[in-house]
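A.B. asks: Here are the chains, one letter per residue:
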Amino acid sequence: MTLKKKKSNLYLGDRQPLNTAGKIGLGFSYAALICWTIAIIWPICQMIVSSFNGMQQEYIVMNGGFSFSIEHFEYLFTDTLYPKWMLNTIFISVSTAFITLLFVSFTGFAYSRYRFKGRKASLMTIMLIQTIPSFAGLTAYFTMYSIISDVMPFFSRQMMLILIYSAGGIAGNTFILKGYLDSISMELDDAAKIDGCSNLKVYRLIILPIARPMLAIIALWSFLGPFMDYLLPKVILTNPEAYTLAAGLFTFINDKENMNEPAFAAGGLLIAVPTVILFTVLQKQLISGLASGAVK
Amino acid sequence: MDQKLYDYIGNSYKRKNLYLQEVADLENEIARTKDRKTKAALKAKLVALLKSKDLHEYVKSLREYEEREKAFLEQLKQDSEAYKASFTSDNKKVNTLKMRYFKATKEEEFYKPYVDLCYDAEVKYKSAFVIFEQMKEVIDHLESNLKDLAEAKVSAKNKNPQKESEGKKAYKVKKAEVDKQYKISLKKLKEKKKEGLISNKALENEKRQLIAKKKKDISILANSLIPSKYYKEVVENKTYETTKAVKQKLAVIDDNESNVLRTVPSEVESNLAGRALATCWLPGLGQYLNGQTTKMWLFLMGSFFIYCIAIPYAFGFGNYQAEGLKSLVTLANGTSKLNKSMIFMVEGIIALFMILLGIGIFIISYIDVKHVAKNIVKGIRPKNWFETKRGIFEEGFPYLVSLPAFIVILFIVIVPLSTTILLSFTNMDPKHQSKFQWAGLKNYLELATAEGMIGTVFWAILGWTLIWTFVATTFAIVIGFGLALLTNNERIKGKGFFRGVFILPWAIPGFISIMFFGIMFARQGILTQILNNITGLTLDIKNNPIQTRIVLILMQGWLGSAYVFLLSTGVLQAIPADLYEAAQIDGATSWQRLAKITLPIVLFQTAPLLIGQYTFNFNNFSIIYLFNGGGPFNPTIYGNLAGSTDILISYIYKLTMDNQQQAVGAAVTMIISLALMIFTFIGFKNSKAFKED
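From first to last, the protein sequence lines stand for chains A and B.
Just so we're aligned, residue 1 is where the first sequence starts under the numbering used here, counting upward by one.
Just so we're aligned, residue 1 is where the second sequence starts under the numbering used here, counting upward by one.
Bear in mind the hints are in silico, worked out from the structure with no lab data behind them.
These figures come from a predicted structure and were not determined experimentally.
Among the hints, erroneous ones may be present.
Listed next, with one range per pair, are the computed distances between beta-carbon atoms [as the list claims (entries may be wrong)]:
| id | chain 1 | residue 1 | chain 2 | residue 2 | range |
| --- | --- | --- | --- | --- | --- |
| 1 | B | Ile-530 | A | Ser-183 | 45 to 55 Å |
| 2 | A | Ile-210 | B | Phe-393 | 13 to 23 Å |
| 3 | A | Ser-183 | B | Gly-500 | 22 to 32 Å |
| 4 | B | Gln-660 | A | Cys-45 | 37 to 47 Å |
| 5 | B | Gly-500 | A | Ser-146 | 42 to 52 Å |
| 6 | A | Pro-209 | B | Met-1 | 47 to 57 Å |
| 7 | A | Ile-210 | B | Glu-490 | 33 to 43 Å |
| 8 | A | Lys-84 | B | Lys-389 | 48 to 58 Å |
| 9 | A | Phe-154 | B | Lys-389 | 33 to 43 Å |
| 10 | B | Val-408 | A | Phe-154 | 15 to 25 Å |
| 11 | B | Thr-538 | A | Phe-154 | 36 to 46 Å |
| 12 | A | Tyr-75 | B | Lys-493 | 21 to 31 Å |
| 13 | B | Gln-181 | A | Ser-183 | 44 to 54 Å |
| 14 | A | Asp-195 | B | Ile-184 | 50 to 60 Å |
In silico BS3-like links for lysine-lysine, alpha-carbon gap of 25 Å or less [said to hold, decoys possible]:
| id | chain 1 | residue 1 | chain 2 | residue 2 |
| --- | --- | --- | --- | --- |
| 15 | A | Lys-117 | B | Lys-249 |
| 16 | A | Lys-201 | B | Lys-249 |
| 17 | A | Lys-193 | B | Lys-244 |
| 18 | A | Lys-284 | B | Lys-493 |
| 19 | B | Lys-374 | A | Lys-193 |
| 20 | A | Lys-193 | B | Lys-383 |
| 21 | B | Lys-169 | B | Lys-216 |
| 22 | A | Lys-201 | B | Lys-244 |
All C-beta atoms, glycine included, are put in the ideal place defined by N, C-alpha and C.
Could you build all of it, start to finish, from the sequences and the hints given here?
C.D. replies: So, in structure tokens, the structure goes:
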């Protein structure tokens, strides 16, 4: 008995025991963390609750009572264009990611591996171009679209959007990929060249496999872009049938006719769940993609 | 004129043209002598020499050679026609190679006696000799392999069921043997493992090797014993030999030929100085005169672009509506009512870029011709197509692969951007939608002097934009960094949970959170109700400028802190613990450790990304527009163009999209773009990524 009692009094941690001030500090830390946790979780919970609340109508209000129902989700898929918007967004996202990747994998390779005339100047130029918000050319996009679609009638507004997204992404992503490839030794390329690889073969056999993680991240960011963007779809796409999710969902809270806030919450939830899973699982990789372009 | 000739690495060669040698010697002597009298005499001698050129022994023999060569070439043409008729095989590849060989044998024979006469003959002789020596083997290789290929194909078609089944039987027997062998080896291995001679991992490795060996053995057996598989492999093999292997062999010959070109200098009489300038009007012509035929075709394509596409377009032909370059001046004024100034402007800009591209082609062609011509005079022969192609794929590779990207950027980014730049100097407003005119600096002056309906609003909005950018971003950074510090405390438990929660605002698409906050902060919204209950006031956040602004900043703190949290957590975790231990031993307080170790490291490593956060918020259209549409409106200060929380970017949106004030919108866009560019330029000029190059 005595032995056990003694043991419980023993201090066995490898850190110094906390004094009173330290304990109070620790208490405050916990308090701050818990407060912020609540600040984050509460609105999210509200969104989840209202999307499943059958008692809410049109406007989300407090004290409206709660009864579990999935009517808002049913409404989304049966009475609105939500499924269409989903498909539109996926189409635009996949195309954007694909085109961006196609261009960027080459330009990143060229800028990282070759010293050519005009390299530094063009690097600086693309860097500066990248800072200009993509809707600086908004007025011109309309005119260009009207010209192109008149010459080529199959050219849709969505295609215009894809082109704008992918062209806008080339500059920044080239920089990111260049930063990543720069950190990989050139000896690999040289060895391959000595063994008789042409430039294209070096690209295909050496660079592509090595850059795959970063290419995946670039593809992912380009894929997510259209999901997050509201402005360009809203401006470029005029037909609600062609809307992306962001532009479409806004009509639920902005349009007097379509006003349905719980449906917005439900629709938003459906987008948020996959992105949250994605971002949580891949947070390190996603951040490294951003960092390698800037820090290195 | 130089007394000697040089190749590309500077080796010098004696001139073979004795006449030119004499001229060069004389010129050289004239330059060297200082005595006037001798100089005059030498000059007279030179003039006499130049005059009596046709009487010069060497020139005579050279002329004779040239005549004979002409006759020989004529003869060769006839001979090769005759030779062509004698071809038996209808394989094009074989025939072209045979023709090359045939010509080379004749050339070798003809040029051999003239090798000492002039370098042109020497180069032709040597090139022909290379082909004469090496082509035979390639042709033989190709022909024999083609024969084998045809045979194998026939055999593969004519299946013999009896042989096939026999082969399969034999294959089965052998395969069983291999299997048996494999099992025995595996058993041995396992015994070894049991005895404890090898480890588990070694067993795995050996097993993998055994399996690989077994597979290989079996496939060899199948290919050698079963006729159908055997012929299939033969066909594959021979196809490779007749295509890729031959290609490689030909590349070796090309390489040797180019080696001849590099080691035999050129020798010409004229100095070709005017060639580049004289031919600059037609890219391709100079290349033709330099003897680079394939390059000529490439540049002729450039000429085609210039003369058949760019220039006509610039003059208005083939335009969608406009009049080419001229439309940039007129902006559709004075043309049909249906024509729009905007279209004229865009087409004018496209015409302008086409012309610029054309000028680029002119310049490249001029430089190329000048460079090659200069080299010819010096002794360096122009590259043949094989070498040019190689050069394009090596030195030109980066241009080649980034060209598509540049074209896309040109049309989707640069052209619209130029349009916006030009647009900011016009008067496109609600009254001038379809037709507008140049207005000079009017828009900028209006903005700068805070005059007119738009100018006054601009400064008020700029002020709020700067406050918003600074306060909201700093707030988010402070929260994010503070949270990262707190969660990184080693005594805090449940780190994983906290971290998981804190990145949620980053993981949820921003527009969803913003719109939902917008709902909750509406007059009847949940958060407004709660705040009302707590404070006892009746808040009307979305109609009160100050309240909206505060809520916006708080929201950005909520949204933006997650990203900063993520960044700084990453950096904090990477700081080695011994830094802190050392500091502690030296008696640093925890405050000092934070200020002298943690802060500098985190700030230094995340600085570019944090700067990025400031520019991001400067342009953070979504939060302003989606939360409250830039409102509430306050006509006394902002007129009816903007609301009191509008930042420049949402102001531009309203100007351009809602109020048709495109010209002023463009001017504001230019101002913020310039500001952002300068900001980023300063940031990136000092970044490592740029300095290292």
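A.B. asks: Take the hints in turn and mark each one as holding or not.
C.D. replies: For each hint, the structure was consulted:
1. Ile-530/B x Ser-183/A: 45 to 55 Å: Holds, at about 50 Å.
2. Ile-210/A x Phe-393/B: 13 to 23 Å: 22 Å, holds
3. Ser-183/A x Gly-500/B: 22 to 32 Å: Since the Cβ atoms of Ser-183/A and Gly-500/B sit about 29 Å apart, the hinted range of 22 to 32 Å holds.
4. Gln-660/B x Cys-45/A: 37 to 47 Å: 43 Å, holds
5. Gly-500/B x Ser-146/A: 42 to 52 Å: At roughly 48 Å between Cβ atoms, Ser-146/A and Gly-500/B fall inside 42 to 52 Å, so the hint holds.
6. Pro-209/A x Met-1/B: 47 to 57 Å: 56 Å, holds
7. Ile-210/A x Glu-490/B: 33 to 43 Å: 37 Å, holds
8. Lys-84/A x Lys-389/B: 48 to 58 Å: This hint holds: roughly 50 Å between Cβ atoms.
9. Phe-154/A x Lys-389/B: 33 to 43 Å: About 37 Å separates the Cβ atoms of Phe-154/A and Lys-389/B, which means 33 to 43 Å holds.
10. Val-408/B x Phe-154/A: 15 to 25 Å: Given a distance of about 19 Å, which is inside 15 to 25 Å, the answer is holds.
11. Thr-538/B x Phe-154/A: 36 to 46 Å: 56 Å, violated
12. Tyr-75/A x Lys-493/B: 21 to 31 Å: Hint violated: Cβ distance 43 Å, outside 21 to 31 Å.
13. Gln-181/B x Ser-183/A: 44 to 54 Å: 48 Å, holds
14. Asp-195/A x Ile-184/B: 50 to 60 Å: The hint (50 to 60 Å, Cβ to Cβ) is violated, given that Asp-195/A and Ile-184/B are roughly 39 Å apart.
15. Lys-117/A x Lys-249/B: Violated: Lys-117/A and Lys-249/B sit about 34 Å apart, past 25 Å.
16. Lys-201/A x Lys-249/B: Between Lys-201/A and Lys-249/B the Cα gap is close to 19 Å, so the pair holds against 25 Å.
17. Lys-193/A x Lys-244/B: 19 Å, holds
18. Lys-284/A x Lys-493/B: It holds: about 22 Å lies between the C-alpha atoms, which stays within 25 Å.
19. Lys-374/B x Lys-193/A: 32 Å, violated
20. Lys-193/A x Lys-383/B: 23 Å, holds
21. Lys-169/B x Lys-216/B: 19 Å, holds
22. Lys-201/A x Lys-244/B: Holds, at roughly 15 Å.
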